Amino acid sequence: MTLLGDRQQLSYIASQAADARVNLELETEGMTLNIGPQHPATHGTLRIIARLDGEQVVWVDPSCGYMHRGYEKLTEVRTYPQVTALVNRIDWLGSFANEVPFILAAEKLMGIEAPLRAQHIRTILFELSRIANVSLFLGDLGVQLGAITPVFMAFRDREYVLNLIEGATGGRFHPNFDRIGGLKDDLPAGWIDETRTVMKKLRRFCDEIEDLLFGNEIFQSRTRGIGVIPRDIALQYGMSGANLRASGVDWDLRRDQSLPMAWDKVDWKVWTHPDGDSFARCWVRLQEVRESTRIVEQLVDTIPAGPVMTKVPRIIKVPEGEAWVCTENPLGEMGYYVVSQGDLGPFRVKIRSASFNNMSITPWLLKGVYVPDIVTILASLYFILGDIDR
Amino acid sequence: MNTVSLIIAEVPYWGQSLLRVLGGLVAVLLPAGTIVYLFLFKMMSFMQSRLGPMEAGPYGSMQLFAEVGKWLQKEDIYPARADKFIFKLAPLIVLASTFLLVVVVPFGPDAWFTNFEAGIFYALAVSSISVLGILIAGWSSANKYSLLGGLRAAGQLIAYELPMVLAVIGVVIQAGTMNLQGIVLAQNSGSMFGFDGLGNPYVLTQFVGFVIFMISVQAELTQAPFDMPVAESELVSGYMTEYSGFRFLIFFIGEFATAGVFAMIASVLFLGGWAVPFSWFGWTTMDSVDNWMNLAGPLILFTKMMVIMFLVMWVRFSYPRLREDQLQRFAWKVLIPISLVNIMLTAILKVAF
Amino acid sequence: MANPPNEEEFQLSLTTDTPAATDVVRDGILARVQAALGDKIVESLLKPGDDIWVRVRTESWRETAVILRDLGFSYFDFLSAIDWLPSPFGRGEDDPTEPAPVRDNTIRHGYTGGDTRIQMLARVVDPTTSMGINLKADVPDDNAHIESWTTVYAGANWHEREAWEMFGITFDGHPDLRHIYLPTDFEGFPLRKDFPLLARIVKPWPGIVDVEPMPGGDQDEPAQDGDAQ
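Residue numbers (numbering that gives the first Met the number 0), protein chains in the order written: chain A, 0 to 389; chain B, 0 to 352; chain C, 0 to 228.
Do not rely on the hints blindly, as some may be mistaken.
In silico DSS-like cross-links for lysine-lysine, where the CA-CA straight-line distance does not exceed 30 Å [stated by the list, open to error]: (1) 349(B) to 332(B); (2) 73(B) to 87(B); (3) 366(A) to 87(B); (4) 200(A) to 264(A); (5) 69(B) to 41(B); (6) 183(A) to 310(A); (7) 366(A) to 264(A); (8) 73(B) to 199(A); (9) 72(A) to 183(A); (10) 199(A) to 183(A); (11) 83(B) to 69(B); (12) 69(B) to 87(B); (13) 332(B) to 200(A); (14) 366(A) to 202(C); (15) 264(A) to 46(C); (16) 366(A) to 332(B); (17) 46(C) to 310(A); (18) 39(C) to 199(A); (19) 268(A) to 199(A); (20) 87(B) to 143(B); (21) 268(A) to 200(A); (22) 310(A) to 366(A); (23) 143(B) to 73(B); (24) 83(B) to 73(B).
I should point out that these hints are in silico values taken from the structure, not numbers from a laboratory. Nothing here was measured: the structure is a model prediction, and the numbers come from that model.
With the hints as extra help, turn the sequences into a complete structure.
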């Protein structure tokens, strides 16, 4: 497949060069188009400066930072438990998933592990936030491509998931529920039954989206073969998550590394796609939502009894050391490199967010596409502004 | 000449003109309002599992008036670097083409504004005037998105004019006339294989032509999946980006009024227009049609128009958008060859039978 | 800090430095990396069941990347830096009305040690085994510059731009060293420890973190509900 991708890219480059020669001869003047910072396709404040030739992109420069909040600096003046409130806001659609790797890193440094029940519930909430996040992507995908109906279905069904998250954590968007050593609370009564019904609804939503969008010829013609990322390029740029798996790399951090979470206790599948184009990226995400519903369904059946919080001191001081923990977040690999010097707060936290790497490929990827394809490719790469800018 | 025409003939010329203007306004604005409320507000909402407007009037039926009131109150903004005269002219051109278009639509045996011999020819010619309006709107806005949108609209509307004309030719061959009234007559007094209970609506015999015509109408009206000129996720709103208040309202009315008029023309061409099959009431020619059809005809046409609009809107709400080059390829490589073959077959069959 | 509840005791009971004693997989990886890199390595550390840290010489920073990439670590994870200088502003909780407290500003390096104030920190991963290496390299104190990785890992481009504007490290051979987050005319390097967090300077932090006595709670009891802050 990589060969095919390479060949496509080469032919692409050749055709671009030919075009450029023609333009040089005709001396056609280009146009610089500012996409953003306020533009519907950037869902946030991303600015893409595109130099166009007709409707074809010649050169592109994504300019981010309009939302840079300096979380890496802010963590240095916060205590460990306070940091989760910050990192919640990185990928604001899958907030809970942001907290987990940081908490795991702190726990690793302290040498403690959350009780088994807490690990299970963490995994459930992690997967729920993935569903909430990616189901919105599936709807938004339609809007970016001009189909307005799917997004309402996405909002409708995502609401059930948000209600679940709210029921368990008290917060719809920013739960701040994870604690060093476990969770703030146990699950409320009746939550598990509710979860089962919601997971069924979400699977039906996936079927609907598959019918409405993925089976549509126009959708396919808009996404197939658009924005092809070959395997080795994806690795070089540090693409992660569905973007990497859509390029044929069978790598999922949930499966391939051992963390004190419950993914290894259930039966699920890592989906990959050989094509590496926009369609593949969208398709892999659709399958991931389905797998997530399966994971959640299996996990709610096997939650072990016990406490949700291990014994931790009231004032959390993390021993000196360094730890790197990354998880497979909705957007891709999210990791925290935490340096502790035995203080109340971290000495330095490097936040490795998925979208930053995923977006850094755009200057390479958007060269030579048409203006509508910018939108397709940006939508299929799936970034959250907070996740790029941190 | 029957009585209605006689009554009209006795009205002085200025009175006739006034009646025509009023009739034209009703014929343009009423369908536009109905389409916006029924389809854009309600049908879209129900398809998207929401209720749509519910506050203004029963079931939000007065919402449109509220919206119009809102737009009328808004400040009339134009960009500093805009070409102001042209910028202000553009929406009027778009709306004018709609009014020019509606004059050839027959609403009843005697209820028409004009009865051109080459009615359909005129309609197809006039319908492309709106391209001018859109193009200069895009150009004069001094906005790159608008310019791209305007150019896309120009390219698209020109590309789809051709299959539309070619699709209509099949109808013209079969009916043997370019007069829209004649086409209505031919459909409703005709028969299929000796069975005249349904007349001969060309949607059955010219089905290929109907499909091509509907696709072209979809593109001509810049409705999804052919809405690249306004593509809100790429070009924000294309040529309409810089328009606000009343001028945006005119574009908005123009969009849906044109949709309504095109749906009327489609129902005249393919669904039998204002008439019901003549055999139901034993009519044979246009003159033998009863007078009450001048009142019932507009309602029948309106119903048929709504059916057509339902199809247009259904597609609009469920399909993603094509890309500009794919659209051009579709027009030139698929629609035009098929419609040419359709013309050929129609001509052969016409001669054979 | 109002009445710390036997803090030291908990600290001692929790830090257990004996997890998995041996780690065959990582041992093998480290051996391979050591063989390939040779004397480019200054120091290396393996924590069984956790991770590998390797500190390389400053001048062989790029070469290391090339060798590791060819060794199978083809996935570029991230690149950043660490400023080891303890912050002269503490945690931004000083009372501005009182004289600034005297702080110990001796540099304590983390794993694999170090000689300079600012260190590079990067991570590359082998996607087939999902095993990564944390790489470090000293950045000269007087003239902070190091070789660019952009020709080795294309994804390093943006990360180096970020490190450049946040730490002031110049990357030799970077094609496009511009600001990525900050405005073009921004002065200073925000993630350096001597760059004050202005929000904390302008307005003193009111919630100087303290544990208030829980109503009815036993002071010596550790928090059960995780309300540890």
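Given the hinted pair residue 83(B) and residue 69(B), is their alpha-carbon gap at most 30 Å? Judged against 30 Å, a Cα distance of about 23 Å means the pair holds.
Taken at face value, is the distance from the CA of residue 199(A) to the CA of residue 73(B) at most 30 Å? Judged against 30 Å, a Cα distance of about 47 Å means the pair is violated.
CA of residue 200(A) to CA of residue 264(A), is that 30 Å or under? holds, 24 Å
Restraint status (C-alpha distance of residue 332(B) to residue 200(A) at most 30 Å): Cα-Cα ~42 Å, so violated.
Compare the distance between the alpha carbons of residue 72(A) and residue 183(A) with 30 Å, and conclude whether the hinted pair is satisfied. holds, 26 Å
Between the alpha carbons of residue 349(B) and residue 332(B), is the straight-line distance 30 Å or under? holds, 26 Å
For the pair supplied as a hint, residue 46(C) and residue 310(A), is the alpha-carbon distance within the 30 Å limit? This hinted pair holds, its Cα atoms lying about 25 Å apart.
Is residue 268(A) close enough to residue 199(A), meaning Cα to Cα at most 30 Å? Within the cut-off at roughly 18 Å; holds.
Run the distance test for residue 73(B) versus residue 87(B): straight-line Cα separation, threshold 30 Å. Within the cut-off at roughly 15 Å; holds.
Sort out whether residue 73(B) lies within 30 Å of residue 143(B), counting only the CA atoms. This hinted pair holds, its Cα atoms lying about 24 Å apart.
Residue 268(A) and residue 200(A): Cα distance at most 30 Å? Judged against 30 Å, a Cα distance of about 20 Å means the pair holds.
Are the Cα atoms of residue 83(B) and residue 73(B) separated by 30 Å or less? Holds, at about 18 Å.
In the structure shown, a violation is registered for the earlier hints numbered 3, 7, 8, 13, 14, 18 and 22, in ascending order.
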